[in-house]
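Going down the list, the sequences are from chains A and L.
In short: position in the first sequence from 1, add 3, done, that's my numbering.
In short: position in the second sequence from 1, add 3, done, that's my numbering.
The hints are simulated quantities; they were obtained by calculation from the structure and are not laboratory data.
Incorrect hints may appear among the rest.
The list cannot tell twin chains apart, which means a pair is met if one copy fits it or any two copies do.
To be verified - Here are the simulated SDA-like cross-link-like pairs (lysine to any residue), alpha carbons at most 25 Å apart as the crow flies:
(1) K59 / Q74
(2) K86 / Q74
(3) K95 / R48
(4) K95 / P83
Protein chains: 2
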Amino acid sequence: MSDRSSCPIARTLDLLGDKWTLLILRDALVFNRRTYSEFAGSPERIPTNLLAQRLKRLVASGLLEKVAYQQNPQRFEYLPTAKGRAIRPIIKAMRNYGETYLEMDTETQEP
Amino acid sequence: MSDRSSCPIARTLDLLGDKWTLLILRDALVFNRRTYSEFAGSPERIPTNLLAQRLKRLVASGLLEKVAYQQNPQRFEYLPTAKGRAIRPIIKAMRNYGETYLEMDTETQEP
């Protein structure tokens, strides 16, 4: 898939289209997680190599900003930028869908 | 990632969290594509093995329904179910995001 499709949906999917990326953004935007260890502690248990790689990509694409919050030893946190915070309506639409159509009880998947 | 996380966002991502799946749903819901060859003709050029596999999964998870529309030779179309049509707000939120934050011109990615 080309990086800059003429379709804005395809462009958004190029940026987000991987479930770990969206779970990291959920953690940043909904649960206010900020540090590597907070992201690693999510119940979905993202493998640490994928977490490091996805955080790097989210910083490179301008959705998160990596900021040192402590020196000696230096520690970093990842803060959502304006471009990252604007993902919120997508995550909200996913939450509504999950709550309505995807029950936790596997026997009743329809509302 | 478990199939039935307690988080509705994670549950939705288990269902959708792959860009081809969401592009097929875009084609079905926004562009009214219905047949295998219509989906295969999308500008993003989904590889045919992935298309077949994703369509099967979308039928299995109840988002699309496979319906014979012709006999001799038998031909099928894939129609969105109510559970599939309910994805629309997610796709709409992605379109808004793409239009606002992801310009086609790679030099100007901010609005």
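Give the relationship of K95 and R48 under a CA distance limit of 25 Å: within one copy only, between copies only, both, or neither.
within (22 Å within a copy, 29 Å between copies)
Should K59 paired with Q74 be assigned to within, between, both, or neither, using CA atoms and 25 Å as the limit?
So K59 and Q74 pass the 25 Å test inside one copy only (21 Å; across, 52 Å).
With identical chains treated as interchangeable, where does the CA-CA distance between K95 and P83 reach 25 Å or less: within a copy, between copies, both, or neither?
For K95 and P83, both the intra-copy (16 Å) and inter-copy (22 Å) Cα distances are at most 25 Å.
Up to 25 Å CA-CA - Q74 versus K86, copy category:
Classified as neither; 27 Å inside a copy, 50 Å across copies.
Consistency note: the structure conflicts with earlier hint 2 alone.
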